[in-house]
Amino acid sequence: MTTALRIVGAPRFADVGVWMAAALLLGSSAAFGRVAGPDSHSLDALGGDVHMNVPAGYSTTEDADGVSVQRPALGSVAPSLAVRRIALPAGTDPALFRDLELTRIERARADSGVGYRTLEAGDTATFGAEHSSFSRYAVVRDPPLSVAGDAVMPIVVVGMDALVMNGGAAYHVSTEVDASDEAGAAQLDMLLQSLRFDH
Amino acid sequence: MAGDQETRKSESQARCCVCHREFPETEGDFLAGRFFCAKHREDALRAADAQLSRSGLAETALLAVFVGAVALTLGNGPSASLPTSLSMGLLLALVPAAIWLVFVHRQDRLEPEPWGVVLGVFALGALLGHAVVIPGSRVLFDVGQWRHASMLGEVVASVGVDGTLAILVAYVAVRYSVYLTDEFDEPVDGIVYGVAACLGVATALNVHFVIDTGGVLPLAGATHVVNTSAGLVAAGAVLGYGLGKSRFDPKRGGLWLTLAFPLAAGIAGGVEQIAMAAGVRHGSFHPWSSLGAALAIVAVVLLSCHVLTARMRHQTLAEGKAGAN
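Keeping their order, the protein sequence lines are chains B and P.
As numbered in the working numbering, residues 1 to 199 make up the first sequence, in order.
As numbered in the working numbering, residues 1001 to 1325 make up the second sequence, in order.
So that you can see chain P by itself, here it is in the shape it has in the complex (with noise of 0.2 Å):
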């Protein structure tokens, strides 16, 4: 008879798959077959409708501010340069990555992905990035031997190698990793990981950059760092849609992944060609140029993405699709 209460009372329990609190169940509410308390039940409803707010246009104009500071705090002047030490390469490398993750999470209000986890797919990125896309383009492709022999070389350096290295090593630190689990469960999950992968790939190329190049301006410097973590930024997020697909739509996820990954390859090497094509002229650099175009080509990838997850999201909830496997 006590048995009898007890399963009833678990059965009339259930665990809100966000704060994993116990609510009796009529205190939420099942969506996409998944338990929601009252509070992340009206959140969830709330995610599924595209706002700018979390289009990631805020975090863009906070890394102008960013560059506008670097510039400031270590002077513009003639005889300024950026300091070579690992610890500023690390301080310029990791606020961008700051910001974006934070957009990241953003992202994903229907199930927010755990911090540790999004960190960890970051971290895996930033070390093959460190060991593979460096050593990569440098050693075995060996670039600067021809990559300035014409603007053809540049772009097929940019995109050919660097670039496709840069999404290779996210795809698999993201493939092989939390996309085998049971936390990628929803199909906006693949940008979340995604993007957190190339975050951590652009990362180690920033801290190389600084640590590697003497006597650059600090705002062309900062200009640098901003670019490189945004067109990854932006490339992260087409080849996290391509994942999510892939995942989760079994007829033609295959095709939309094989597809996203060149495209993300264009991206991540064509943003950093665009924002230098933007910043020289008559042989002299603009920093603010360069940066401007690259956050304006970032904004329209980032704001063509958010309206894709925000589809995605109408789709999970209407279709009770997550968790499928």
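Here chain B stands alone, though its shape is the one from the complex (with noise of 0.2 Å):
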């Protein structure tokens, strides 16, 4: 049996009580929220020779030759960047040391995963630095937390390597992110567009 309905009442937006309860309970909540969670700040490492800001929710780790900050993540490849100080070698060549170091890099960021793919490479004077090469890659890795063998889909990881020259130092650049995660790229995005280098 069926049961037909009648629209008995007319539809109004009454009942003020109930969205002005909802209103106060959800802007309350807001506002607690913005004030209670974490918020972006910025960072000077390595002696005050680097400075960035870092995104709300993202952890930082120091050294006495390097910084990496990182989103925390389980079994998947978390968005980070590090920035590692290199010993210049006394009496070396500046253009040798950085052919060789950036060959030294392509090498041990190739080995850390398979199919590795340079996007983009070129010299530039980024991060308020005196000089800069940098190249963009992509590389195929296993999930953290797997071992091989197991039935586990792989991983792209898409990232960028930057050899920074910089008042007598050089600095190794480093980003990482899951070629899925587009939010993640976006706050290293942002990440490295406030990274700076002291002179």
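Derived from the structure by calculation, the hints contain no laboratory data.
All values reported here derive from a predicted model rather than from experimental measurement.
Backbone N, C-alpha and C fix where the C-beta goes; we use that ideal spot for every residue, glycine too.
Label pairs and their in silico Cβ distance ranges: (1) B:N53 with P:A1061: 53 to 61 Å; (2) P:Y1176 with B:D63: 54 to 62 Å; (3) B:M153 with P:V1300: 46 to 54 Å; (4) B:A185 with P:L1119: 39 to 47 Å; (5) P:L1062 with B:S59: 43 to 51 Å; (6) B:A36 with P:V1139: 13 to 21 Å; (7) P:G1075 with B:A56: 32 to 40 Å; (8) P:V1139 with B:D123: 36 to 44 Å.
Beyond 10 Å from chain B on every Cβ pair, some chain P residues (computed): (9) F1035; (10) K1039; (11) D1249; (12) G1270.
Two chains, two frames, a set of hints: combine them into the complex.
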């Protein structure tokens, strides 16, 4: 048996009390979240030589020669940026050092997975530094915490390696992020744009 | 002459408001302005009493059995985990929803609501839960960024965002659909449809939980699913009480509804928090403690609502208010 419904009350945007209560609860919760939530903060690392704005939710690790910033993640490649100071051997030609170091960085990156590809490479003055050579890459890896032979989908990792020369010092700047993590890639772009080296 | 005989015949017949069949008026009775056949008249009079068998206590116990069955079926060892498929999500979410829907339908024996309308409100709640509550909480309010920063943050996120959004969409699902129709013809209908809408929201939340949460223990996952549905059933009963009052008490109905809304949001979010706090001891999670705490709170709320709805039914029969707009 079917039941025919008759509309007996005109639709009205009444019940003002309910909507006001909902607005009050949601508004005050949003305000609380804005105050209580983590915020982006500026970071001075490596004795004040390196500055960047770290996005909310990212953790920072620093030692004497390097600093790394990453968004904690389980079971996936965490978006991360690392800056590592490289000792310049005394008496070495800077151009020769740069070529050797770039080759070493590229080889290490290629060994970190399979199917390594350089997507873009060039020399430029970025990060407020005197000179930097960069390469954007893609490489295929197994997910973190998996072991060889696991039936898991491999991950395409994209990122950038840059060798920065500044004030007589050299730095290796590297980023990596899961190619499917668009939000993480956008956060890394903002992080890179805020990265500055002091003279 | 023949026409007069036909008129008298139709006047002496009346349609039962429950089974919709025609009976001679002498074979039934008018209660609260509506005709009941003899069988449904007896049912209606019995329904006006507060019986523990209809209070939801049996359903509450049945849910504990469901959790145990999930743990037994899917395993509870360290390597066991809840499958994250859509079919498993739907199965785990729909079993408690079905148990509670039967409970809801049993609440209104005076004039049982049509299953089609109850399920329609349930589906509307599920759609709104999927479209509004989940993206609202995750994207608009971004609670994942701040809810774990402190205990207060957990409470504010659960009650102020998750609970409020869930109750708001359940309110919209009832208030702008069946509430406007002649099927909403007695105060207790508010509870029936309020709970149905909240169950729809709970089902959407539970399906997302199962799909999104990889590696959770079956016992812990089933406990979370049952806690979510039970908390929203209790909240839906409170919201529905306010909706019923709002429709049939022209003087103070608006005030009742305004008070019921934040109370329902508090119950929806509070049950989750209290269940979680009861289940965590010395850094590990004890699902049975969590389940026990959640079901105990829900049993108290449902018993309270049951007594109130029994009063509503007595009032309806005594004052003949059913059908009033």
